[in-house]
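Asker: The lines below spell out each chain.
Protein chains: 2
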Amino acid sequence: MQDKNMLMIPGPTPVPESVLLAMAKHPIGHRSGDFSKIIAELTANLKWLHQTTNDLLMLTVSGTGAMEAAIINFLSPGDRILVGNNGKFGERWSLVGKAFGLQVEEITAEWGKPLDPEVFRAKLAADTAKTIKAVIITHSETSTGVLNDLETINTHVKNHGESLIIVDAVTSLGAVNVPIDQWGLDVVASGSQKGYMIPPGLGLISVSQKAWKAYENAKIPKFYLDLKAYKKATDKDSSPFTPPVNLMYGLQVSLQMMKKEGLESIFARHARLTQATRAAMKALGLPLFAPDEAASPAITAVMPTGVDAEAIRSTMKKQFDIALAGGQDHLKGKIFRIGHLGFVGERDILSAIAALESTLQTLGYEGATPGAGIAAAASILAKVG
Amino acid sequence: MQDKNMLMIPGPTPVPESVLLAMAKHPIGHRSGDFSKIIAELTANLKWLHQTTNDLLMLTVSGTGAMEAAIINFLSPGDRILVGNNGKFGERWSLVGKAFGLQVEEITAEWGKPLDPEVFRAKLAADTAKTIKAVIITHSETSTGVLNDLETINTHVKNHGESLIIVDAVTSLGAVNVPIDQWGLDVVASGSQKGYMIPPGLGLISVSQKAWKAYENAKIPKFYLDLKAYKKATDKDSSPFTPPVNLMYGLQVSLQMMKKEGLESIFARHARLTQATRAAMKALGLPLFAPDEAASPAITAVMPTGVDAEAIRSTMKKQFDIALAGGQDHLKGKIFRIGHLGFVGERDILSAIAALESTLQTLGYEGATPGAGIAAAASILAKVG
Numbered sequence: 001m002q003d004k005n006m007l008m009i010p011g012p013t014p015v016p017e018s019v020l021l022a023m024a025k026h027p028i029g030h031r032s033g034d035f036s037k038i039i040a041e042l043t044a045n046l047k048w049l050h051q052t053t054n055d056l057l058m059l060t061v062s063g064t065g066a067m068e069a070a071i072i073n074f075l076s077p078g079d080r081i082l083v084g085n086n087g088k089f090g091e092r093w094s095l096v097g098k099a100f101g102l103q104v105e106e107i108t109a110e111w112g113k114p115l116d117p118e119v120f121r122a123k124l125a126a127d128t129a130k131t132i133k134a135v136i137i138t139h140s141e142t143s144t145g146v147l148n149d150l151e152t153i154n155t156h157v158k159n160h161g162e163s164l165i166i167v168d169a170v171t172s173l174g175a176v177n178v179p180i181d182q183w184g185l186d187v188v189a190s191g192s193q194k195g196y197m198i199p200p201g202l203g204l205i206s207v208s209q210k211a212w213k214a215y216e217n218a219k220i221p222k223f224y225l226d227l228k229a230y231k232k233a234t235d236k237d238s239s240p241f242t243p244p245v246n247l248m249y250g251l252q253v254s255l256q257m258m259k260k261e262g263l264e265s266i267f268a269r270h271a272r273l274t275q276a277t278r279a280a281m282k283a284l285g286l287p288l289f290a291p292d293e294a295a296s297p298a299i300t301a302v303m304p305t306g307v308d309a310e311a312i313r314s315t316m317k318k319q320f321d322i323a324l325a326g327g328q329d330h331l332k333g334k335i336f337r338i339g340h341l342g343f344v345g346e347r348d349i350l351s352a353i354a355a356l357e358s359t360l361q362t363l364g365y366e367g368a369t370p371g372a373g374i375a376a377a378a379s380i381l382a383k384v385g
Numbered sequence: 001m002q003d004k005n006m007l008m009i010p011g012p013t014p015v016p017e018s019v020l021l022a023m024a025k026h027p028i029g030h031r032s033g034d035f036s037k038i039i040a041e042l043t044a045n046l047k048w049l050h051q052t053t054n055d056l057l058m059l060t061v062s063g064t065g066a067m068e069a070a071i072i073n074f075l076s077p078g079d080r081i082l083v084g085n086n087g088k089f090g091e092r093w094s095l096v097g098k099a100f101g102l103q104v105e106e107i108t109a110e111w112g113k114p115l116d117p118e119v120f121r122a123k124l125a126a127d128t129a130k131t132i133k134a135v136i137i138t139h140s141e142t143s144t145g146v147l148n149d150l151e152t153i154n155t156h157v158k159n160h161g162e163s164l165i166i167v168d169a170v171t172s173l174g175a176v177n178v179p180i181d182q183w184g185l186d187v188v189a190s191g192s193q194k195g196y197m198i199p200p201g202l203g204l205i206s207v208s209q210k211a212w213k214a215y216e217n218a219k220i221p222k223f224y225l226d227l228k229a230y231k232k233a234t235d236k237d238s239s240p241f242t243p244p245v246n247l248m249y250g251l252q253v254s255l256q257m258m259k260k261e262g263l264e265s266i267f268a269r270h271a272r273l274t275q276a277t278r279a280a281m282k283a284l285g286l287p288l289f290a291p292d293e294a295a296s297p298a299i300t301a302v303m304p305t306g307v308d309a310e311a312i313r314s315t316m317k318k319q320f321d322i323a324l325a326g327g328q329d330h331l332k333g334k335i336f337r338i339g340h341l342g343f344v345g346e347r348d349i350l351s352a353i354a355a356l357e358s359t360l361q362t363l364g365y366e367g368a369t370p371g372a373g374i375a376a377a378a379s380i381l382a383k384v385g
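As you go down the protein sequences, you meet chains A and B in turn.
Residues in the first sequence are numbered consecutively from 1, following full-length UniProt numbering.
Residues in the second sequence are numbered consecutively from 1, following full-length UniProt numbering.
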């Protein structure tokens, strides 16, 4: 049906009506006093969401642009960096590092498995000459639904002392606890079309004092992504280049909504949605791609047996107007991914699971008792309150 | 009054209601078949607007990001380039070139005066060793209201043979004739919040075959702004990174509106608005900053005498809710700039001139006969059909 599209992908995520309507306002001049007030409010509320007093910068880029800025502003060609690579996005940061002449050492894990913090500990402990300049981690690996153990890996980085910790929090920020100041995360990048509940087009970066010190010696050339220009402007409630005015109208509203819900409630909601989705998949006999102990709060990847992943996606789209994500690269056609990030509630998850049950019947799947998925999800949701 | 803001600045420019409402639609997945159709439509219509069969690429960046991409994709550190600098933006491309290690030679003109094509001719003719790799021109210099003579300068570049011509068309594209194929412009960059009639957040670039050949030897490191990735994706009606979905909904509608109006009509409208504005300023005894023969179709800069530029801006804003732009850098407080770019009609120009006349009376200005500005503008508008 027209206009019935339901987004259950890891981004763009659904956008609240009040945010959409805010974005439909006439733009105002980005150099006006009225817009300065908006930048000030957004910066303050983003710091609240990021749990940080670090600088919080807004860039007109998508997530990859934000991560590139998070890397190139603090390093020089030839610098040795460790990149965690257990999926499409970890792989991307490795490519970015290489594109800018960094000496990239990958710490890999099979797609679908979390990175092993012990490998980071050993590498960092062995580096007595302190040649490792940065460790780059994808917190929630969107391509596989794996949440890497950032907290433990970061402990090892802190013990090293010299290395920066640079985090892709694109699908973890606003979904699971990422206490930037408490953990001492140096650079954290994310994108608007995820936990922030607005459409794509705005990149967010937090920068620590330690990272700014590294900036002074960093020699990768940059201009549009030069974060010092953003800091100088943000300190004056301004922007160095033209910002995406209407997206920022939307962000004003979405951050107000998030403050009302509260961080703890937001994280609890995402945990509940994740558990309900995973319980349903298990009850339906559909193998989960990531283990329970490393489950992303943003997305659940499923590798079905006895039924075709693409047939599931296709029927879900055609019959129920539900968009699920497919697999990327070698996982294409082998997995489907259910997004439960941002403006997603319990009704949405039940709808998706119910439609999936119906789809499985349509496709003649015989691996589960009909209704078992909803029953399992409901038992998770029943535990609340 | 609340919600009465009228934008008469060079960007963001006013946005049609139908575009705003299109932007308020729920986003869909940018990897879906439905979105591919949108990319295909946008690419075709943008090529129409750009009068080109060259590749036409959309990036999630503001204008500066688009121009950076236009520079760094086709050059290597140490390359000799000529940059026309007669305003804030010409100056910026010089800074970008230097940031990336290019050997920048500026050809300057006083702010408010156009670049002299003869200086380009002489420099290019003297370069018998063909060491000049690119000439970079700001077509419409937004900071001063000067339209540089791109056509003539480009003729000299063509006679040189080796050099690329790279154009900042941010406030000329969609306002004045920029026939990319006819003139053979290699790289042309622009931004969405100008002639395109949508809010900021999308950068546009056209790339010629000659530029793609230069790309093969270009050695400035890049990833997010690597245009080959955009070309590969665009050839498949896709995008390499997450695009600003909702802005692109808006662009769909605005391009449809522009096609309906027609290129000739759009250019004629901008010319009329420019002439009416300039006639009014002259009649009011307010000196124009740029000469008639180099008048930007996007913006008219005025350097008033006998009345304070900032007082005019302030009264226009407070009493009439009209936003005018001020001067930048050393022109701060000395000029005001009236934008007449994009979704601006004849009524808007008359409104702004009438409000300016009222403002001049409020400020006790005695340099003109009351009503002379409107009379002069009307005489221009009366000449039409």
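If you are wondering where the hints come from, they were derived from the structure by calculation, not from laboratory data.
Please note: incorrect hints may appear among the correct ones.
One copy or two, it doesn't matter: identical chains are merged, so the pair holds either way.
[Unchecked claim] Cross-link-like lysine to any residue pairs, in silico, SDA-like; alpha carbons within 20 Å at most:
hint	residue 1	residue 2
1	K37	E366
2	K228	N154
3	K219	A99
4	K219	S94
5	K222	P77
6	K222	F343
7	K282	S358
8	K332	P240
9	K228	S94
10	K98	D226
11	K219	K231
12	K222	S76
13	K219	G262
14	K210	S18
15	K123	S238
16	K213	S314
17	K37	K47
18	K4	L21
Asker: Decide, hint by hint, whether the structure agrees.
Answerer: Hint check:
no.: 1; hint: K37 <-> E366; in the structure: neither (58 Å within a copy, 37 Å between copies)
no.: 2; hint: K228 <-> N154; in the structure: neither (25 Å within a copy, 35 Å between copies)
no.: 3; hint: K219 <-> A99; in the structure: both (14 Å within a copy, 10 Å between copies)
no.: 4; hint: K219 <-> S94; in the structure: both (18 Å within a copy, 19 Å between copies)
no.: 5; hint: K222 <-> P77; in the structure: both (13 Å within a copy, 13 Å between copies)
no.: 6; hint: K222 <-> F343; in the structure: neither (35 Å within a copy, 34 Å between copies)
no.: 7; hint: K282 <-> S358; in the structure: within (16 Å within a copy, 73 Å between copies)
no.: 8; hint: K332 <-> P240; in the structure: between (40 Å within a copy, 17 Å between copies)
no.: 9; hint: K228 <-> S94; in the structure: between (24 Å within a copy, 19 Å between copies)
no.: 10; hint: K98 <-> D226; in the structure: both (19 Å within a copy, 14 Å between copies)
no.: 11; hint: K219 <-> K231; in the structure: within (18 Å within a copy, 29 Å between copies)
no.: 12; hint: K222 <-> S76; in the structure: both (11 Å within a copy, 14 Å between copies)
no.: 13; hint: K219 <-> G262; in the structure: neither (40 Å within a copy, 48 Å between copies)
no.: 14; hint: K210 <-> S18; in the structure: neither (38 Å within a copy, 47 Å between copies)
no.: 15; hint: K123 <-> S238; in the structure: neither (41 Å within a copy, 39 Å between copies)
no.: 16; hint: K213 <-> S314; in the structure: neither (50 Å within a copy, 41 Å between copies)
no.: 17; hint: K37 <-> K47; in the structure: within (16 Å within a copy, 38 Å between copies)
no.: 18; hint: K4 <-> L21; in the structure: both (18 Å within a copy, 17 Å between copies)
Checked against the numbered hints above, the structure violates hints 1, 2, 6, 13, 14, 15 and 16; every other hint is satisfied.
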